[in-house]
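J.: Residue-level listing of the chains:
Protein chains: 2
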Amino acid sequence: MPVTSKSPTRRSLLAGAAAGSAALALPGGVRGAAPPARRIGFAIVGIGKLSQKQLIPALRTTKIARLTALVSGHADKAKRVAAENGVPERNIYSYETFDRIADNPDVDVVYIVLPNSMHAEYTIRAARAGKHVYCEKPMAVTPAECEQMIAAAKKAGRQLGVGYRLHFEPYNLELIRIARARELGALKFIAATAGTIPDPGQWRLDKKLAGGGSMVDIGIYALQAVRYVAGEEPVSVSARLGITDRATFKDIDETLAFSMTFPSGVVASCVSTYASHVSRIDVAADGGHFGLEPQLYYHGIKGFRSDGKPFAFPDMDQFAAEMDDFAACVRDGKPTRVPGEEGLRDVRIIDALYRSAATGRDIKLA
Amino acid sequence: MPVTSKSPTRRSLLAGAAAGSAALALPGGVRGAAPPARRIGFAIVGIGKLSQKQLIPALRTTKIARLTALVSGHADKAKRVAAENGVPERNIYSYETFDRIADNPDVDVVYIVLPNSMHAEYTIRAARAGKHVYCEKPMAVTPAECEQMIAAAKKAGRQLGVGYRLHFEPYNLELIRIARARELGALKFIAATAGTIPDPGQWRLDKKLAGGGSMVDIGIYALQAVRYVAGEEPVSVSARLGITDRATFKDIDETLAFSMTFPSGVVASCVSTYASHVSRIDVAADGGHFGLEPQLYYHGIKGFRSDGKPFAFPDMDQFAAEMDDFAACVRDGKPTRVPGEEGLRDVRIIDALYRSAATGRDIKLA
Chain A
2 MPVTSKSPTR
12 RSLLAGAAAG
22 SAALALPGGV
32 RGAAPPARRI
42 GFAIVGIGKL
52 SQKQLIPALR
62 TTKIARLTAL
72 VSGHADKAKR
82 VAAENGVPER
92 NIYSYETFDR
102 IADNPDVDVV
112 YIVLPNSMHA
122 EYTIRAARAG
132 KHVYCEKPMA
142 VTPAECEQMI
152 AAAKKAGRQL
162 GVGYRLHFEP
172 YNLELIRIAR
182 ARELGALKFI
192 AATAGTIPDP
202 GQWRLDKKLA
212 GGGSMVDIGI
222 YALQAVRYVA
232 GEEPVSVSAR
242 LGITDRATFK
252 DIDETLAFSM
262 TFPSGVVASC
272 VSTYASHVSR
282 IDVAADGGHF
292 GLEPQLYYHG
302 IKGFRSDGKP
312 FAFPDMDQFA
322 AEMDDFAACV
332 RDGKPTRVPG
342 EEGLRDVRII
352 DALYRSAATG
362 RDIKLA
Chain B
2 MPVTSKSPTR
12 RSLLAGAAAG
22 SAALALPGGV
32 RGAAPPARRI
42 GFAIVGIGKL
52 SQKQLIPALR
62 TTKIARLTAL
72 VSGHADKAKR
82 VAAENGVPER
92 NIYSYETFDR
102 IADNPDVDVV
112 YIVLPNSMHA
122 EYTIRAARAG
132 KHVYCEKPMA
142 VTPAECEQMI
152 AAAKKAGRQL
162 GVGYRLHFEP
172 YNLELIRIAR
182 ARELGALKFI
192 AATAGTIPDP
202 GQWRLDKKLA
212 GGGSMVDIGI
222 YALQAVRYVA
232 GEEPVSVSAR
242 LGITDRATFK
252 DIDETLAFSM
262 TFPSGVVASC
272 VSTYASHVSR
282 IDVAADGGHF
292 GLEPQLYYHG
302 IKGFRSDGKP
312 FAFPDMDQFA
322 AEMDDFAACV
332 RDGKPTRVPG
342 EEGLRDVRII
352 DALYRSAATG
362 RDIKLA
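Chains as they are written, first to last, in this note's numbering: chain A, 2 to 367; chain B, 2 to 367.
If you're looking for bench data, these hints aren't it; they were derived computationally from the structure.
None of the values given here were measured: they were computed from a predicted structure.
Honestly, I wouldn't trust all of these hints.
Claimed, not checked - Simulated pairs of lysine-lysine, PhoX-like, Cα-Cα distance not exceeding 25 angstroms:
id : chain 1 : residue 1 : chain 2 : residue 2
1  : A       : K310      : B       : K303
2  : A       : K303      : B       : K310
3  : B       : K365      : A       : K365
Unchecked claim - Some chain B residues judged to face chain A by a derived CB distance under 8 angstroms, without partners named:
id : residue
4  : A258
5  : A286
6  : G361
7  : D363
To be verified - Covered, in the sense of this in silico footprint (three residues per stretch, anywhere, with C-beta under 8 angstroms from a C-beta of chain B), are these stretches of chain A:
id : stretch
8  : 190-196
9  : 286-294
10 : 314-322
Backbone N, C-alpha and C fix where the C-beta goes; we use that ideal spot for every residue, glycine too.
Make the full structure from the sequences, and use the hints.
T.: So this is what it looks like as structure tokens:
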């Protein structure tokens, strides 16, 4: 679904944001908790930090999604996590037995939380197993992989969603609403920075597994945010690589400064970095500016607007919201607001950014 | 003087910043007010908004600089301003009679506050008249003009300073100090935005007079700030033009998104704009981040640092500080911290930025 489209899902998104409520923003109308038997069953594939610290805890608070299966290469860890979360042992899979998930009626959705280079393979296998698929960002390592994933889901007649949790987060939704309503005037430029410091030795620093550096992991939030705030697609992009720690960043980007031009003439100036914990978006309009800092954290997001009007929302669980939303889409046969096509768009732009950084030239986008 | 140099002036700057005091930052030690006869006499060339609203009022509060002459194409305005400020009528010049200033012992320094395209001519004429010259930023429209201005001052044995007022502003000096002391760790990247909305119809929107758009007027503050914070010179730059108002911005830049790479691997991501009142610098280091917002305003600058340590200074008059400092340099025969060579550096980089925006390619700097 293009960011600029006026599909029902986009309208729901904006309506939800306008109402200033994350709950209302859920197009499926996820209000009351469903009994376990009527919930949408999620298999989590990969039990790393994100799964253990965020997704599995969130699945204890979801209203229509529930954890029903685990897929892991570590049998002991899988058994422990399964026991802690009421998942029966028969619903634990290894990567070898994964395809048998096709026969498991407890599983409606397979959530891929693996290293980036494995997203395509496991998404395609899950779709072939007849399951709906939710895949962490970045959707995959190359545009071609994304296209294969989309084709596999389409062929299977199943939905494919990408884990863009901020599409379910009220501050980011309000940011979009302010921009669309032109509350501070016509947009002029957008500046966004997104940074984190990865744990040493983790797969995110291994190009074979991650497919890239800071940009594919954290810079993608700045890219996403600029696109959903602009409400249009970039026509030209460029990027500049910055490396201060050459020992760690031999073949992946530590910092990527990138810029984009949109058809309206709005430009974006962004920074993606693995060198600092930073997160901010600043949107300049002709009547003032507004934004978020931090923009992308799990909690503690803050909004600002130069006209001093209030910009505050209660804390919420972004992961529970995104999984309940996808569960509602699956249950009701409605398209997700974060489909594979949206993931593909970012992967295409990231591919262009890396080519720009390598060649020192602007890259025009089709 | 290179930003990276260890000249006495640079050391004075840092020593001043370290002491956290604008007064101490003045290398001439400008503490007590001098009697009029012992003050350094300033001729203001061009009595537009900056002169009338900032410079001339500041010259009523300076301690060793004083207003002694006016140069203007508007005789009535010049007479009125002269009368209001105790300048004798004999010390009013037109552009035709300007060169006679050579014979006026009341004038030590000629401060050029004309449209950018006239900076070179009047700086050179003032130097030939045997006067020290202080020239508003941007120093000139082309690097070649800057070189001619530097040569003229050198030939005359007079100082040439550029009106970079933030080199005398305590928040910006403290920013440099934090960066150099690595108080929050090694620098990783710098993001800076500088924007204003020009009055319609003013010379700044006329390419023939201004020589460029937002970048030469306001973006130059972001460029300067990134350079003095980085403490090194960029080796590669690129820029992207953004125009949302095509009627106003036919041949000058409304918004310029630009980026730079420094030898250390630090990158900068910047925005210059004539579309929004914005001013911010954010410096990311491996132990946190710090910066200013606004960074460049005449008053009301605020500092922030992620470690929560205090970052606040009393209000002061940047224009009085810069003129007293230049007066002290002239009086004591010490080099200004904002010499023509520093102005030339920015004009060279801006020239490269415009070439990058026009060609869509990185520009390597020598």
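J.: Does each hint hold? Answer for all of them.
T.: A quick look at each hint next to the structure:
| no. | hint | in the structure |
| --- | --- | --- |
| 1 | A:K310 to B:K303 | holds, 21 angstroms |
| 2 | A:K303 to B:K310 | holds, 21 angstroms |
| 3 | B:K365 to A:K365 | holds, 21 angstroms |
| 4 | A258 | holds, 4 angstroms |
| 5 | A286 | holds, 7 angstroms |
| 6 | G361 | holds, 4 angstroms |
| 7 | D363 | holds, 4 angstroms |
| 8 | 190-196 | holds (count 4) |
| 9 | 286-294 | holds (count 4) |
| 10 | 314-322 | violated (count 0) |
Hint 10 from the earlier list is the only one contradicted by this structure; the remaining hints agree with it.
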